[in-house]
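K.L.:
Throughout the sequence shown, residue numbering follows numbering that gives the first Met the number 0, covering 0 to 164 in sequence.
Hints listed in this document are in silico derivations from the structure and should not be mistaken for laboratory results.
Please read all numbers here as calculations on a predicted model, not as lab measurements.
Among the clues, some could well be false.
[What the hints assert, rightly or not] Below are the DSS-like pairs computed for lysine-lysine, each with C-alpha atoms no more than 30 angstroms apart in a straight line:
(1) K131 x K149
(2) K47 x K28
(3) K125 x K70
[Said to hold, decoys possible] If you anchor each label on the Cβ, the simulated ranges turn out as follows:
(4) I108 x L132: 32 to 40 angstroms
(5) D93 x T71: 32 to 40 angstroms
(6) E92 x P134: 34 to 42 angstroms
(7) E27 x K111: 29 to 37 angstroms
(8) K131 x G46: 34 to 42 angstroms
(9) T26 x Q75: 31 to 39 angstroms
(10) G60 x Q128: 18 to 26 angstroms
(11) R96 x D48: 28 to 36 angstroms
(12) Y90 x G112: 24 to 32 angstroms
(13) Q75 x T148: 20 to 28 angstroms
(14) G138 x D93: 43 to 51 angstroms
(15) G46 x Q97: 30 to 38 angstroms
(16) E107 x E139: 16 to 24 angstroms
Glycine included, C-beta positions come from ideal geometry on N, C-alpha and C.
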Amino acid sequence: MDARQALVSIQSWLLRRNTPMALVQFTEKAVRFLNYMRVGHLATMDGKDIHVVPMCPVFDGEVFYMATHAKTRKVQNLRRSKKATLILDQYSEDWMRQGAVMMTGTVEILEKGSVFEQAKALLEAKYQQYQKLFPINKGESVILRFQPTKLVTWDYALGEVREPH
């Protein structure tokens with residue numbers, strides 16, 4: 000385990016200590032897939048339209064964290080309704096190698112505090128761009144804490160689609 004992996008492991012444990020039990024249980028394979036993926040798509044609603052944007056999430060084993068500017072449309076939508084959908088997928092020209100995880104859940108907007116700082120450290124460890132190119136600054140940025148409540152996975156290589164109820 001390298002230093003970055005150790006940091007992420009320790010911080011993930013710290014974040015989980017301060018959060019309720021996971022609402023969705025992820026398989027070991029799903030956790031590996033979710034930790035590997037670097038881009039997902041977050042869907043929010045403004046009351047009549049769906050708004051879908053690419054995001055760079057970090058997964059702590061139970062919840063996802065994503066940073067964004069505080070004045071974006073997605074943040075405005077989430078202030079009205081905490082419901083959202085997050086999908087992380089892998090495309091391949093060999094369609095038998097495609098896979099995805101789609102989750103519906105709720106989002107908490109973090110603007111400051113210890114969980115904000117811990118999530119920021121996780122994001123900066125996974126995405127070096129946050130350290131200098133797009134810094135996560137209190138007052139300008141928020142961190143979205145996505146708690147999955149329902150999950151659908153598929154892996155065409157295994158011929159499986161799983162939709163737990």
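K.L.:
Could you run down the list of hints and mark each one as holding or not?
P.N.:
For each hint, the structure was consulted:
1. K131 x K149: With Cα atoms ~35 angstroms apart, K131 and K149 exceed 30 angstroms; violated.
2. K47 x K28: violated (36 angstroms)
3. K125 x K70: With a Cα-Cα distance of about 24 angstroms, the restraint between K125 and K70 holds, given a limit of 30 angstroms.
4. I108 x L132: 32 to 40 angstroms: violated (23 angstroms)
5. D93 x T71: 32 to 40 angstroms: Taking Cβ atoms as reference, D93 and T71 lie about 35 angstroms apart, which means the hint holds.
6. E92 x P134: 34 to 42 angstroms: Holds, since E92 and P134 (Cβ atoms, about 36 angstroms apart) stay within the stated range.
7. E27 x K111: 29 to 37 angstroms: holds (34 angstroms)
8. K131 x G46: 34 to 42 angstroms: 37 angstroms Cβ-Cβ, so the 34 to 42 angstroms window holds.
9. T26 x Q75: 31 to 39 angstroms: holds (35 angstroms)
10. G60 x Q128: 18 to 26 angstroms: holds (23 angstroms)
11. R96 x D48: 28 to 36 angstroms: Holds, since R96 and D48 (Cβ atoms, about 33 angstroms apart) stay within the stated range.
12. Y90 x G112: 24 to 32 angstroms: With Cβ atoms ~37 angstroms apart, the hint is violated.
13. Q75 x T148: 20 to 28 angstroms: Holds - the Cβ-Cβ distance for Q75 and T148, about 22 angstroms, lies within 20 to 28 angstroms.
14. G138 x D93: 43 to 51 angstroms: Taking Cβ atoms as reference, G138 and D93 lie about 46 angstroms apart, which means the hint holds.
15. G46 x Q97: 30 to 38 angstroms: For G46 and Q97 the Cβ distance comes to about 33 angstroms; the hint holds.
16. E107 x E139: 16 to 24 angstroms: Between E107 and E139, where Cβ atoms are some 18 angstroms apart, the hint holds.
In summary, the structure is inconsistent with hints 1, 2, 4, 12 from the numbered list given earlier, while agreeing with the others.
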